[in-house]
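2 protein chains.
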Amino acid sequence: MEPMKVVLSDDEIPRQWYNVMADLPTPMSPPLHPGTGQPIAAQDLAPVFPMNLIEQEVSTERWIDIPEPVLEKYLLWRPSPLCRARQFEKVLDAPVRIYYKNEGMSPAGSHKPNTAIAQAYYNKVFGIKRLSTETGAGQWGSALSMACKMFGLQCRVFMVRVSFEQKPYRRLMMMTWGGECISSPSDRTRAGRQILAENPDSPGSLGIAISEAIEDAVGDETARYSLGSVLNHVLLHQTIIGLEAQKQLAKIGEYPDVVLGCAGGGSNFAGISLPFVRDKLHGKQVEIVAAEPTSCPTLTRGPFAYDFGDTAMTTPLLPMHTLGHGFLPAPIHAGGLRYHGMAPIVSHLVKEGVVEARAFNQIETFTAGVQWAQTEGFIPAPETNHVIAAVVQEAERARQEGKEKVILFNWSGHGIIDLPAYDAFFSGKLTPYELPEEEILKALESIAGLPKP
Amino acid sequence: MEPMKVVLSDDEIPRQWYNVMADLPTPMSPPLHPGTGQPIAAQDLAPVFPMNLIEQEVSTERWIDIPEPVLEKYLLWRPSPLCRARQFEKVLDAPVRIYYKNEGMSPAGSHKPNTAIAQAYYNKVFGIKRLSTETGAGQWGSALSMACKMFGLQCRVFMVRVSFEQKPYRRLMMMTWGGECISSPSDRTRAGRQILAENPDSPGSLGIAISEAIEDAVGDETARYSLGSVLNHVLLHQTIIGLEAQKQLAKIGEYPDVVLGCAGGGSNFAGISLPFVRDKLHGKQVEIVAAEPTSCPTLTRGPFAYDFGDTAMTTPLLPMHTLGHGFLPAPIHAGGLRYHGMAPIVSHLVKEGVVEARAFNQIETFTAGVQWAQTEGFIPAPETNHVIAAVVQEAERARQEGKEKVILFNWSGHGIIDLPAYDAFFSGKLTPYELPEEEILKALESIAGLPKP
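Quick mapping for you: the protein sequence lines, in order, are chains A and B.
Going letter by letter, the first sequence gives residues 1 to 453 in this note's numbering.
Going letter by letter, the second sequence gives residues 454 to 906 in this note's numbering.
Accuracy of the hints is not assured; some may be wrong.
Distance windows between CB atoms, simulated [stated by the list, open to error]:
| no. | chain 1 | residue 1 | chain 2 | residue 2 | range |
| --- | --- | --- | --- | --- | --- |
| 1 | A | E55 | B | F879 | 50 to 58 Å |
| 2 | A | R397 | B | E618 | 27 to 35 Å |
| 3 | A | A22 | B | R468 | 42 to 50 Å |
Below, computed lysine to any residue pairings styled on SDA-like, alpha-carbon distance capped at 25 Å [as the list claims (entries may be wrong)]:
| no. | chain 1 | residue 1 | chain 2 | residue 2 |
| --- | --- | --- | --- | --- |
| 4 | A | K251 | B | E465 |
| 5 | A | K5 | B | P520 |
| 6 | A | K284 | A | A250 |
| 7 | A | K247 | A | A46 |
| 8 | A | K403 | A | A250 |
| 9 | A | K247 | A | K429 |
| 10 | B | K704 | B | D464 |
| 11 | B | K458 | A | K90 |
| 12 | B | K700 | A | P3 |
| 13 | A | K429 | B | E465 |
| 14 | A | K90 | B | S462 |
| 15 | B | K895 | B | E651 |
| 16 | A | K90 | B | K582 |
| 17 | A | K5 | B | P456 |
| 18 | A | K90 | B | A499 |
| 19 | B | K882 | A | K124 |
| 20 | A | K405 | A | Q285 |
| 21 | A | K124 | A | N199 |
If you are wondering where the hints come from, they were derived from the structure by calculation, not from laboratory data.
Even glycine gets a Cβ: it sits at the ideal position worked out from N, Cα and C.
My request is simple: use the sequences and hints to build the entire structure.
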């Protein structure tokens, strides 16, 4: 009987996060103040984030200690198992060995608690009483609700309306963990009211929800805003995934030829891949692939430019691949991938050719996801189906090239709460959602007058 | 940092199930043929179950090898972690160390795949093409759908109507794994049509759904029936839970003072407890407690008697604690505990004083479950909330007695698909459902004329 999993005991959990800022071959462009167009100062962010997280955001230390209280919560489910997908390999019939990190094992069902726990902890230590945030598919909002409850903070979540309506169970999860969940755009904020005035039927977007959550936090000095992806410190917290994977692969003498993750804001992708980016920057041969939806092809079809993180143009200008903050993604079921921009770190690595990006449509992603569920058992989230489609493509290439390949990917979350999306897939209601060029050009008008990186 | 989990590597998984039949201090009464009233012969069951499972049902071998193809599927998620509930211990503030087996980690979210995988395998080996079954909350139906897909069998599931309507996501899970899910009572069977004729609004029950599934299987010689609890071979397959727990506890030098599980049909309870029953029968000091709902108090208020396993009186007569096959449990949210009877093995052990049973109402179980979710993170199934309520009670006793206690329990499944039940709890829509004595007496009339054990 061949082993299927590599498990780590509690005392083998990594004690530090990895900060790729220490190893970048070229410097990243700085975020700019939206008013002045000058590089932003730490103090400018103080109404939005606690200072201890701002320090982490700009840190260039290679290794950052994980605080004990954070580790204690991580151990509720971490280290996550590294699994070999032997059953899936059989149906692919290609010369590949496929390993995946099962991040669906967390209480919230995804990788999101890795940073939610850390952010709730740092805010608590800084004396904050309440966090405000946005959520797309609801994975992030539920993770932060749980983390806040564990550290005695209140939590308010603005949930993108299309997901709020498609995924009532996510709202109930937040409630069970004591979080308050509000459909966005809402009438609670100026930003929300403005959108509703223009379009009362707006399906919402991550960009809009971010605007609402920031406005809500900045208006209350005991509150701060929390973001579930995109920013440097968020990606930092997620590196525990890749660091665990490296330990686990080393135990069985394997090293991946290719590392993959799906990318919406970029955090789960960065989480598994950044420790391998480090290896690659030090000369190791490894391909690193980000999988995104054809309906929101930020990395594959958006330019690298300065843009706002939100729709109401309140955030700093971030240097990133973007479709323009005016872009409103189609209401596909992978709500976590419906974001006009992309983490600056991930964008930078794509621009530098360290990371490759590929886009997949809903039909091919659900086809891959169902094949996975029917062989490996675990039902993937619609977001996760994107990376599974990329794995299928990698296996196909390996078969055509007749080349043995070791594949590692991040199984970012389960799809139990997304089952209506599978229903839509089986009943033929999904379309591929390939984005027309003219829509991209139109959306990009929103960044025409902004500075260039 | 103190460890929170004990993990086993793949090669430490138990290779045999434990059969308590080899160790019972007193013989169990035999199942009786419903027509003749005589002990049933293996051949009588042949239209219902494959012969290899019938042999397991009557086996008295102490250890039964787990076939390699079953182990291979188990390893998709097993061994399940043994976790220490340190955060929950803190809020209980009692001198207890609480360990739990997290069976919610399986792809179906509960312990059910432990026997679903085994049953699908044995049916496949025997040449069967299709399995028919019933499901209460949907945990079993989804587990069997998955297992059938993995071994290339078709699967048809009769789902108790009240759960079918309360838990649409379970139906979608079955669909994703290729199973066919039918609301019960249905017009597909004679048994279903008869119930509908008497009461078109019947909420259904496990007893009714069992009748439908058996009828459906017996009418098709390439099909067999599959049961997710109650029977000896089902409990046998679940013992992997307790056997893993014993290995895990031995690694940290612990032994439980009390072992607990919730009990509907009895299989998850038996799964964790039977290996400890063995120790107890060999002189070890250990309390073993089954937690059931006050709305369906089979063990605490039902007599030990011969009764049918189903409502249409088609199964053999089983010696068990029962509320009578005419009993229709209130539509509480813990659908998996809504069964008039109880596994004969569990019933026998209660009768012999080896196992103690306690009943808990919906309010105390959800209160305990929310406290769990807000400290340990994982949201428990409504069924699982019953054992958590029993754990809270044990901790309270330990505090009152000032006695240190090691508690082990089976965290039988997650409640992600049961979130509307939490919604009902938070909005004050749940009632305790204490069953009036006259209802029990009325239900017991249905067994008045049957043989006595």
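Verification of the hints:
For E55 (chain A) and F879 (chain B), the hinted distance range of 50 to 58 Å is not satisfied, since their beta carbons lie about 38 Å from each other. Remark: the range hint 27 to 35 Å for R397 (chain A) to E618 (chain B) is contradicted by a beta-carbon distance near 46 Å. At about 47 Å, the CB distance of A22 (chain A) to R468 (chain B) agrees with the hint of 42 to 50 Å. Straight-line distance between C-alpha atoms of K251 (chain A) and E465 (chain B) comes to about 16 Å, which keeps the hinted pair within the 25 Å bound.
A threshold of 25 Å between alpha carbons decides the hint, and for K5 (chain A) with P520 (chain B) the separation of about 19 Å falls inside it, so the pair holds. Proximity of K284 (chain A) to A250 (chain A) is assessed by CA-CA distance (about 15 Å); at most 25 Å being required, the pair is judged to hold. With a C-alpha separation of about 37 Å, the suggested pairing of K247 (chain A) with A46 (chain A) is violated against the 25 Å cut-off. Among the hinted pairs, K403 (chain A) with A250 (chain A) is consistent with the structure: their alpha-carbon atoms are about 22 Å apart, no more than 25 Å.
Among the hinted pairs, K247 (chain A) with K429 (chain A) is inconsistent with the structure: their alpha-carbon atoms are about 42 Å apart, more than 25 Å. Proximity of K704 (chain B) to D464 (chain B) is assessed by CA-CA distance (about 15 Å); at most 25 Å being required, the pair is judged to hold. With a C-alpha separation of about 32 Å, the suggested pairing of K458 (chain B) with K90 (chain A) is violated against the 25 Å cut-off. For the hint linking K700 (chain B) to P3 (chain A), the alpha-carbon distance of about 19 Å falls within 25 Å, and the restraint holds.
Restraint check for K429 (chain A) and E465 (chain B): not satisfied, since their Cα atoms lie roughly 45 Å apart, outside the 25 Å limit. For the proposed pair K90 (chain A) and S462 (chain B), the alpha carbon gap of about 23 Å is at most 25 Å, so the pair holds. In summary, the hint linking K895 (chain B) to E651 (chain B) is supported, as the alpha carbons are separated by about 18 Å, within the 25 Å threshold. A distance of roughly 22 Å separates the Cα atoms of K90 (chain A) and K582 (chain B); the hinted pair therefore holds under the 25 Å criterion.
Pair hint K5 (chain A) plus P456 (chain B) holds up; C-alpha atoms about 20 Å apart against a cutoff of 25 Å. At roughly 34 Å between alpha-carbon atoms, K90 (chain A) and A499 (chain B) are farther apart than 25 Å, so this suggested pair is violated. About 34 Å separates the Cα atoms of K882 (chain B) and K124 (chain A), which puts this hinted pair outside 25 Å; it is violated. At most 25 Å may separate the alpha-carbon atoms for a hinted pair to count; K405 (chain A) and Q285 (chain A) meet this at roughly 12 Å.
As the CA atoms of K124 (chain A) and N199 (chain A) are separated by approximately 38 Å, the hinted pair breaks the 25 Å bound.
In this structure, the hints that do not hold are numbers 1, 2, 7, 9, 11, 13, 18, 19, 21, in rising order.
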